[in-house]
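Visitor: Reconstruct the complex from the two isolated chains, following the hints.
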Amino acid sequence: MSVIIDINDLSFRYAKESQFFNLSHVNLHVNEGEWLAIIGHNGSGKSTLAKAIDGLLAPESGEIVVDGQKLTDESVWDIRKKIGMVFQNPDNQFVGADVEGDVAFGLENQGIERAEMHARVHEALEMVDMVDFAKHEPVRLSGGQKQRVAIAGVLALRPKIVIFDEATSMLDPEGRMQIISLIRQMNRKEKFTVISITHDIDEASLADRVVVLDDGQIIDDSLPQDLFQKGAELIELGLDVPFPQRLKMELGKMGVLTPQEYLDEGSMVDWLCRSILKN
Amino acid sequence: MDKMLLGRYINGDSLIHRMDPRAKLFLSFYFIVIVFLCNNWQTYTLMVAIVLLCVKLSEISLGFFIKGVRPLIWLILFTVLLQIFFSTGGDPYWQWGPFTVTDAGIINGVFVFCRFVLIIFMSTLLTLTTTPLEISDGLESLLKPLLALKVPVYEIALMLSIALRFVPTLMDETTKIMNAQRARGVNFGEGGLIKQIKAVIPLLIPLFVSSFNRAEDLATAMEARGYHGGAGRTKYRKQEWKTKDTLGVVMFLLVTLALVLLRK
Chain A
1 MSVIIDINDL SFRYAKESQF FNLSHVNLHV NEGEWLAIIG HNGSGKSTLA
51 KAIDGLLAPE SGEIVVDGQK LTDESVWDIR KKIGMVFQNP DNQFVGADVE
101 GDVAFGLENQ GIERAEMHAR VHEALEMVDM VDFAKHEPVR LSGGQKQRVA
151 IAGVLALRPK IVIFDEATSM LDPEGRMQII SLIRQMNRKE KFTVISITHD
201 IDEASLADRV VVLDDGQIID DSLPQDLFQK GAELIELGLD VPFPQRLKME
251 LGKMGVLTPQ EYLDEGSMVD WLCRSILKN
Chain B
1 MDKMLLGRYI NGDSLIHRMD PRAKLFLSFY FIVIVFLCNN WQTYTLMVAI
51 VLLCVKLSEI SLGFFIKGVR PLIWLILFTV LLQIFFSTGG DPYWQWGPFT
101 VTDAGIINGV FVFCRFVLII FMSTLLTLTT TPLEISDGLE SLLKPLLALK
151 VPVYEIALML SIALRFVPTL MDETTKIMNA QRARGVNFGE GGLIKQIKAV
201 IPLLIPLFVS SFNRAEDLAT AMEARGYHGG AGRTKYRKQE WKTKDTLGVV
251 MFLLVTLALV LLRK
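Listed in order, the protein sequences are those of chains A and B. Number 279 marks the last residue of the first sequence (my numbering); no jumps. Number 264 marks the last residue of the second sequence (my numbering); no jumps.
It is worth saying that the hints were derived from the structure and are not from the lab. Source: prediction; values computed, not measured. All the given hints hold, so there is nothing to weed out.
In the BS3-like style, the derived pairs of lysine-lysine whose C-alpha atoms are separated by at most 27 Å in a straight line are:
1. B:Lys235 - A:Lys82
2. B:Lys56 - B:Lys67
3. B:Lys242 - A:Lys135
4. A:Lys81 - B:Lys235
The shape of chain B in the complex, shown without the other chains (with noise of 0.2 Å):
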């Protein structure tokens, strides 16, 4: 579970850090929308440019980065594969039954990796640099127009946050589970493919009930504190948004600018 890069967060102190996290919520999404305005060498070629930037800000190392793309490693090979032998137009070099092999579709396949590796690479930049916590302190005020539409927005974000506080200690309680069921003779990971989900079974239920009765106890503490829903409260924790923070809008829709310019 160590390798699991999801939602971990790396202590530091570099400019990206101290962003606000409603800036680096909103950022790293519309980051996301302006990619799909590339098609040519010199857009990608700026958003390279401006993805390298922010990583040099954040002061980690690029190694984090690359660990990130890893586990969809796959995916993306597989996609610039089918971009590469299924695209039609342009010269063709070599053509074998429905595969054809053109320049166009060489390049299509390098756009779509450059695509794959800037998204992943910037939703990395974001989940290391912010924790957990003002992840959902940022959703929550970027949700709250929503609130006119009835949508529940500070259940929900309570929601998350006891889910991201509880997400260690559930860890810890399945491995301390799957301890106590091997030291009983339980094999985990072994055997058949039915065997190795029947050997679950005394995992999952004792997780189960015991997250119910971890939900019911919690309840009944948040109710001794005086938690009777979301309208009246009070936030401890302040989000300031900062200079540097319009900087970063500022800077991006230049980009965008930039982009729409470059633009075939």
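Just chain A, same shape as in the assembly (with noise of 0.2 Å):
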């Protein structure tokens, strides 16, 4: 596996005086084709290490190297056509009148031919499964589907890599779910490479690997079983763990013996039936 995304020493602070650094001395590096979570609490550095990845922002110190090319002022153009990304909230990303002109925003930008375009828009749609919706408004859709729209807007521009910021965290329960499993799709089955940074702990344990960050700084690197069997741990961190986890705690805590590895709900409800079956 190749490395895609290399970040060396990068340090970031919003403001020069302050003491603070929003990110410092972060060393991360993503391979083509994974899934990779950050993960960490609010105000963590999470999102501000997405936008200096797409040249959002620019960093104090350290740099950022996307598919071999390094990022500067005169190459951010060029790596931000091999980055997609999708923000926080689904609202104030949509640039676009209409569902179309909207997933079209981006080709526009980069001066695609219009037979060309119609075309792309149309598959993207079809990825998301919003082609019905093409020529409704924003303001006539619900969050999950805005959220599909920016998606479509990124598969449009065939990028390498997409980021995917929180973009779960504003939607209900379903939208979630919805867009939790077009990410998995876009993964596994069109071999994008997806950052997702998330509070969503569910999310978080699909990925190939997990990242928590804390106070700018990297304190794990691990893979998700790992990781959430370090529970109490995480917990102290201002983290959630997932459910399996949780349950197998509070059966830790009425002094039942449970397995030291990380068990997913598949496992778990396995684990269960056949301990009851024992008794």
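Guide: As structure tokens, this is what we get:
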């Protein structure tokens, strides 16, 4: 697996005079085709990191290399073509006056021919299952539908990397599930490299690798199953643990012996059934 | 806010709906110019016939157009009364101090009334049959010659279409903030003038703050999607100039000719 994003010793702060660095000496490598989740409590620097990768914020020191290209003032537009971003608030990233127009916005910026645009917009809307809504205005869509349109806008551009900056945090549970399954499909089937920045622990547990940020520093970088085993530690960091792990901890408190390794929902159900049958 | 007819669009598939927005924009402005050519019964009758024909072709009921006149009715009546009472010339019917009512004055009053109503009908027709998006696209291409004068036409068009896209969002937000402040005891539209103005502050300040936040977020999202100015952009939406648009223009030119001939 080749490295597609290479971050070396990245530091950043919003206010020059402040002592606090929003990102300090971050080193991170993202492999091609990987699904990386970045978690951390509020204000830990997750979104700042995402914006820095896309060149939306200029780092104070350190360098970022995306797909072999170093991020500089000259290369920033080339790099943005390789990265698609979906932001938190579905209302504030809708540029077009209707669904089609919004999906086409990025294509218009790249100066793509009209016939090609029509084909790509249709294809992207099909992938997110929004073809029937092509002529709808943003006010007539739900939050989850707006996020799907935003994802279609990214898909139409065919980037190599897609960054979800807390894209599910303002959605209802149903909208969230739809977006998560879309992310999974994009990563597994379409082979996009996915970075998802999230509070949602269920989303993080589906990723290939989880990075934990705390006050601008990376404090953990491991597989989800290894990470969630650390139950209590994560709660101290202001994070949550997935439901099976929480159940395991509660059972532990009641004196039930539970397996050491992390169990996802399926294996937790299996384990529970087996232990009940044994008694 | 539901009563507001400005910028309201009524979905339909009539001949007028399907016309090119550029043609509609141009003809609406052109109509306002040629209305001032009218100065007698024949010309006004012709114009009324044209407007009624357009209304008929749009397949929208006349009621909507009459609603469009309603907000301006006081202005119209005021102007008409001024015309009637302060016109000189013609045979005076009635005189009292500075007020005179003459036959010419009454005729002028009726003409001014017709002129107002015709212009309002025509501009209502434009907004009822054209989506805001089409209007901003149409304006962009009509303004294109101004590029030579270094007018930032693309940016103006983008500004316009973003402004139009945010109108419903901000309306929703206003209602939400009003409800939230009401839940905390603010009374909107009650008490004296000063008190009413003061009650607007808890509405306006959050609205401004949230608009700026939205603008910031939107700018970031646009930049992330590769927006860097109007140059080199292509357009997704294509405007097609069809035979019916040419016919519309030809019809209006014939009307102009007829007006010039019928004028006294």
